[in-house]
Amino acid sequence: MLYARLIVMRLLKAVVVLFLIVIFNFFLIQMAPGDPAAILAGEAGATDEEFLRQLRERFGLDQPIYVQLWRYVSGIAMLDFGWSYRQGMPVLDLILARLPATLLLTGTAFVLSLALGIVAGSMAAARVKKPSGSIIMALALLFYATPLFWVALMAVVLFSVFLGWLPAYGMYTVGAGHTGFALVLDVAKHLILPATTLALFFMAIYTRMTRASMLEASQQDYVKTARAKGLAPGVIQRRHILRNALLPIITLAGLQAGQMVGGAILTETVFAWPGIGRLMFEALQQRDYNLLLGIFFFSAALVIVFNIITDLVYRLADPRIKEAS
Amino acid sequence: MNDNAPVLSIRGLTLALPKGADRDYAVEEVSYDVARGEIMCVVGESGSGKSMAANAVMGLLPKGVRATAGEVLFDGQDLLALTEKQHRKLRGLRIGMIFQEPMTALNPLMRVGAQIAEVFEAHGKFTSKERQQRALALLEEVGIPEPDKAIRAYPFQLSGGQRQRVMIAMALALEPELLIADEPTTALDVTTQAQILELIRDLQQRRGMAVMFITHDFGVVAEVATRVCVMRYGRVVELGTAQEVLENPRHEYTRALLEAIPSNIIPDAVAQERPAPLLEVRNLNKVFRSRGGLFKPAREVRALDDVSFTLAPGETVGIVGESGSGKSTLGRCVVRLERPDSGSLSLSGTDFSALKGDELRRERRRVQMIFQDPYASLNPRHRVGYAIAQGPMANGVARRQAMQQAEELLELVGLGAVAVDRYPHEFSGGQRQRIGIARALALNPELIVADEAVSALDVSIQAQVLELLEELKQKLSLSLLFITHDLRVAAQICDSIIVMQHGRIVEQGTAQEVLLRPREAYTRQLLDAIPGRAHEAAMA
Numbered sequence: 001m002l003y004a005r006l007i008v009m010r011l012l013k014a015v016v017v018l019f020l021i022v023i024f025n026f027f028l029i030q031m032a033p034g035d036p037a038a039i040l041a042g043e044a045g046a047t048d049e050e051f052l053r054q055l056r057e058r059f060g061l062d063q064p065i066y067v068q069l070w071r072y073v074s075g076i077a078m079l080d081f082g083w084s085y086r087q088g089m090p091v092l093d094l095i096l097a098r099l100p101a102t103l104l105l106t107g108t109a110f111v112l113s114l115a116l117g118i119v120a121g122s123m124a125a126a127r128v129k130k131p132s133g134s135i136i137m138a139l140a141l142l143f144y145a146t147p148l149f150w151v152a153l154m155a156v157v158l159f160s161v162f163l164g165w166l167p168a169y170g171m172y173t174v175g176a177g178h179t180g181f182a183l184v185l186d187v188a189k190h191l192i193l194p195a196t197t198l199a200l201f202f203m204a205i206y207t208r209m210t211r212a213s214m215l216e217a218s219q220q221d222y223v224k225t226a227r228a229k230g231l232a233p234g235v236i237q238r239r240h241i242l243r244n245a246l247l248p249i250i251t252l253a254g255l256q257a258g259q260m261v262g263g264a265i266l267t268e269t270v271f272a273w274p275g276i277g278r279l280m281f282e283a284l285q286q287r288d289y290n291l292l293l294g295i296f297f298f299s300a301a302l303v304i305v306f307n308i309i310t311d312l313v314y315r316l317a318d319p320r321i322k323e324a325s
Numbered sequence: 001m002n003d004n005a006p007v008l009s010i011r012g013l014t015l016a017l018p019k020g021a022d023r024d025y026a027v028e029e030v031s032y033d034v035a036r037g038e039i040m041c042v043v044g045e046s047g048s049g050k051s052m053a054a055n056a057v058m059g060l061l062p063k064g065v066r067a068t069a070g071e072v073l074f075d076g077q078d079l080l081a082l083t084e085k086q087h088r089k090l091r092g093l094r095i096g097m098i099f100q101e102p103m104t105a106l107n108p109l110m111r112v113g114a115q116i117a118e119v120f121e122a123h124g125k126f127t128s129k130e131r132q133q134r135a136l137a138l139l140e141e142v143g144i145p146e147p148d149k150a151i152r153a154y155p156f157q158l159s160g161g162q163r164q165r166v167m168i169a170m171a172l173a174l175e176p177e178l179l180i181a182d183e184p185t186t187a188l189d190v191t192t193q194a195q196i197l198e199l200i201r202d203l204q205q206r207r208g209m210a211v212m213f214i215t216h217d218f219g220v221v222a223e224v225a226t227r228v229c230v231m232r233y234g235r236v237v238e239l240g241t242a243q244e245v246l247e248n249p250r251h252e253y254t255r256a257l258l259e260a261i262p263s264n265i266i267p268d269a270v271a272q273e274r275p276a277p278l279l280e281v282r283n284l285n286k287v288f289r290s291r292g293g294l295f296k297p298a299r300e301v302r303a304l305d306d307v308s309f310t311l312a313p314g315e316t317v318g319i320v321g322e323s324g325s326g327k328s329t330l331g332r333c334v335v336r337l338e339r340p341d342s343g344s345l346s347l348s349g350t351d352f353s354a355l356k357g358d359e360l361r362r363e364r365r366r367v368q369m370i371f372q373d374p375y376a377s378l379n380p381r382h383r384v385g386y387a388i389a390q391g392p393m394a395n396g397v398a399r400r401q402a403m404q405q406a407e408e409l410l411e412l413v414g415l416g417a418v419a420v421d422r423y424p425h426e427f428s429g430g431q432r433q434r435i436g437i438a439r440a441l442a443l444n445p446e447l448i449v450a451d452e453a454v455s456a457l458d459v460s461i462q463a464q465v466l467e468l469l470e471e472l473k474q475k476l477s478l479s480l481l482f483i484t485h486d487l488r489v490a491a492q493i494c495d496s497i498i499v500m501q502h503g504r505i506v507e508q509g510t511a512q513e514v515l516l517r518p519r520e521a522y523t524r525q526l527l528d529a530i531p532g533r534a535h536e537a538a539m540a
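Protein chains in written order, with the working numbering: chain A, 1 to 325; chain B, 1 to 540.
Chain A on its own, in the form it takes in the complex:
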C-alpha cells in the first residue's frame, strides 16, 4: 500500500529528527545558568563542598559533557528519561501520570474548536453581508482578541462563583470517591470550563479562515457548473464549496494539534488542571532539568506525529497531492 510505505519513510525521518532534537535540547539546558546541585543543596540548607560533591557524583554531574550526553541519549533509547531530583521520581512516571489529563483537555479543546469553528465559518460564509453573518464574525474577532487568562477568570467568576453551575478548578471533586459513570460525569463537568476557554481562541481562527476560504471557493468555476446542474444550494455549499475550502484548514489544524502537550500552560494554571503544562511550569521554576528535557521530548514527538497525520489527512482530502509526490 502506498500509505504504508509513506508512513514508514516518514517515521524513519522522524526518528532522526527526534534524535537531533534530543541533542539540541541537552546542550540548550547545559547552557542555562545555575548549577542544579547548588540549588538542590541550597534548598536542603546544606552548603558544604562535600555534600555538593556527593550530589554531583550521584547524578553524574561530575562527568565530562560527552559522557553525560551519551548516558542521556542511550537512556532515552531505552525509554529511561532520567530521574527528577526535585520530585524524587523517574521522569517517565511523572510525565505519564500527567499526560492523560493534558491530552483530555487539549484534545477536547481541539475537537471543539475545529467543529464549532468550521460550522460557524460556513454559516458566516452563507450569510455574507447579512447581520447574522456579521454577528458571527464580530464574536470571532472578540474571542480572537481577548487574552486567554482573562476569559478563563471571567468564566470562573460567572459560571462557578456567580451561577454556581460548574466547578471552578481541579479535574474531579476531591474526596467524593466517584467511580464508573459518576466519575466520568464528574470529570466532564470539570472539563467544560477549561476546555471551552482553551477552544475559543482557535475556534475564532477557524471561523475566520473557513469563511474566507469558502468565499473564495464559491467564486470558482466549478461552483457555477454545480449550479448549472440544478443542485440545491445546501448540496453545493457542502460538497463543492466546503470540501475545497477545508484544505487550508487541515494545515492549520495540524499546527494546533502539535501544540497539544505544551500549549495549555495558562489554562492548566488558572483552572488547577493536573496536566503537563503545570508540571513544566514547576520544573522550570525549580530548575528540574531532567524533567524539563523529558517534557520537551514528548512535546517534540507529538508535533512530529501530528505532522505526519496532517500530511496523511491532506492526501486523503486532496487527490492531486498523491500524483505530485
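In the DMTMM-like style, the derived pairs of lysine to aspartate or glutamate whose C-alpha atoms are separated by at most 25 Å in a straight line are:
| # | chain 1 | residue 1 | chain 2 | residue 2 |
| --- | --- | --- | --- | --- |
| 1 | B | Lys-63 | A | Glu-216 |
| 2 | B | Lys-19 | B | Glu-45 |
| 3 | B | Lys-125 | B | Asp-75 |
| 4 | B | Lys-85 | A | Asp-221 |
| 5 | A | Lys-13 | A | Asp-318 |
| 6 | B | Lys-356 | B | Glu-280 |
| 7 | A | Lys-129 | B | Glu-84 |
| 8 | B | Lys-475 | B | Glu-363 |
| 9 | B | Lys-149 | A | Asp-318 |
| 10 | B | Lys-63 | B | Glu-45 |
| 11 | B | Lys-129 | B | Asp-148 |
| 12 | B | Lys-473 | B | Glu-363 |
| 13 | B | Lys-19 | A | Glu-216 |
| 14 | A | Lys-130 | B | Glu-84 |
| 15 | B | Lys-63 | A | Asp-221 |
| 16 | B | Lys-89 | A | Asp-221 |
Sample of chain B residues with no beta-carbon within 10 Å of chain A, all distances over it, derived:
| # | residue |
| --- | --- |
| 17 | Ala-5 |
| 18 | Lys-129 |
| 19 | Glu-130 |
| 20 | Leu-199 |
| 21 | Gln-243 |
| 22 | Tyr-253 |
| 23 | Glu-259 |
| 24 | Ala-312 |
| 25 | Asp-351 |
| 26 | Glu-408 |
| 27 | Gln-464 |
If you only want the chain B side, here are some residues facing chain A, beta carbon under 7 Å, derived:
| # | residue |
| --- | --- |
| 28 | Leu-60 |
| 29 | Arg-88 |
| 30 | Gly-92 |
| 31 | Thr-104 |
| 32 | Ala-105 |
| 33 | Asn-107 |
| 34 | Glu-118 |
| 35 | Tyr-154 |
No lab work stands behind these hints, which were simulated from the structure alone.
We treat Cβ as the ideally placed atom computed from N, Cα and C, and that holds for glycine.
Following the hints, position chain B against chain A.
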C-alpha cells in the same frame, strides 16, 4: 432552414448592471430565437454582453445584474418570472450548459463519475448504481478513451479536451432540449477544438437539440452555425442565417470582425540574403522526468528532441504546435528559464547556454519574454511604472531615469505616460499585454520571445497587438521568436515557421512554404483543423 417553433425565445431583454459599472446595461432590448435542431451562434467580443443573456436563461446572473425589461420564453413560460427553486428544476434537466474553462469548471476533489452522477441526483433520478452506469454510457458517447477508467479519474488526471468532453457529458446527461455552450473551445488548441466542435455538432444532430453557441471566433461560427447573432455593446447588430452573415455582412461591425480574423494571407517572401544569425540553436535536448512511485514507473517526457534552428537579425520565427509539443519549453530555454540537457544556444556568437552567475545576469537582458497571461504575469500590487522600471533598476539604472524610461515606453506601446501610476487591474487584457511588451522592451533586448502572447485576447485586440509588435520590431530593429498554437496568428506575423510535435521539429521553412505547400502530414492536419477554413477558401 428550420420551421420548428423556437425552443427559446428572447424578447426585448434588457439587463441592468449595478451602479458604477462602465455602462448602464449589460444587454439592451436583445431579441433572438433558438429553434430545435439548430445551432445559434452568438458572436461578440468580450464585454459585448453575449454571455449575459445565456446567464439570464440559466438563472445564473451575477450579483447585482437584473432584468428590467423583456422576457425569456422557454417552452411557453417566462424564465425571468421563475423563482430560484423553479429555475433550479430546469437547470441540468431541460437546459444544459458548458463553460469555457475545462481546467477549472470541474471540482478538483471529486471523481469524474461522481460529478456526472450528481446531475441525476440533483433531479432525483435513478438509483446510485444506475447513475454510475449512465455516467459510463455518457462518457462513452462523448468519446473519452477508456471510459471505465476515466469514470474513476479526478479531473487533474485528464487533458483539457477530455475535461471538456466530461463537461459535455454532464450537460447532456438528462437530454436537455436546449444546450448553452459558452466559449466551449476557446481554451483548447486547434486540433482538440476541431474534435470538440465535431462532437457538439454530432450530438446536436443526433438528439435534435437546440444549441446556443457563444463565441468570439468567426472561424468557429463558420464551422458550426445555422444562424448567427452578432452583438456589440449589449445590442444585437446583426441577425441572420450563417450564410447571409458570413457572405454578405450588412453591418460594418460584422465586416470589421470578419476582417480582423487573422487570415491566411501570407506575407510575400522577401528575398533575403542570410546575414550571420542572431540566435543559433543547435541539437537542443530536454527531458522531464517524474519520479516513479511504488505502482507507476518513472515517466520521461522528451520536451525537446534534437532541436536546431537559426534566427536572423530582424526576423520573426514562429514556433507552432499543440500543447505538449515542447514549444514553450523551447522558449523557456531560449530565455534561460530552463536549462537544456544538452545542445547549444548561441546569441550572436556568445554561447548563451553556458553562461553562469554574474555573466548570465548581465547577458539576460539581451533576450526578453512576453508571457501568455497578461493577468497573471503582472504583480497586482506593483504600479505599472515600477513593474517596467524594475528590470533596468536591477541592471543598475538610476530609479529616476528608469521611471522616466518607463513613461516613454508606455507612450510607445500606446498607453500614454499617465499609466505609470496605475495598477494592472485597472487595465483590460489587451492593455495589460501592452504593458507586458513595454516591460520586455525596457531592457533594450535584441530578441523577444513571445509565448502565446495574443492567445488570450479577442480577435480585434489580437490584431492590434500583433500590429504593435510588428511596428516595434521595425522601429527598434528587434528579432522575434513567436510561439503560438494558432496557425492563423503565425501566418500573420512570421517570416518563417517551425512546426513542432512531441518535442521534435516536424517541418520548418518560410511562412509561405509551410502554409501553402506543407510537406508533412502533421502540418496539413493542423491546417485542416483551423475552424472556418472551408468558408475562407470559398470566399477567396
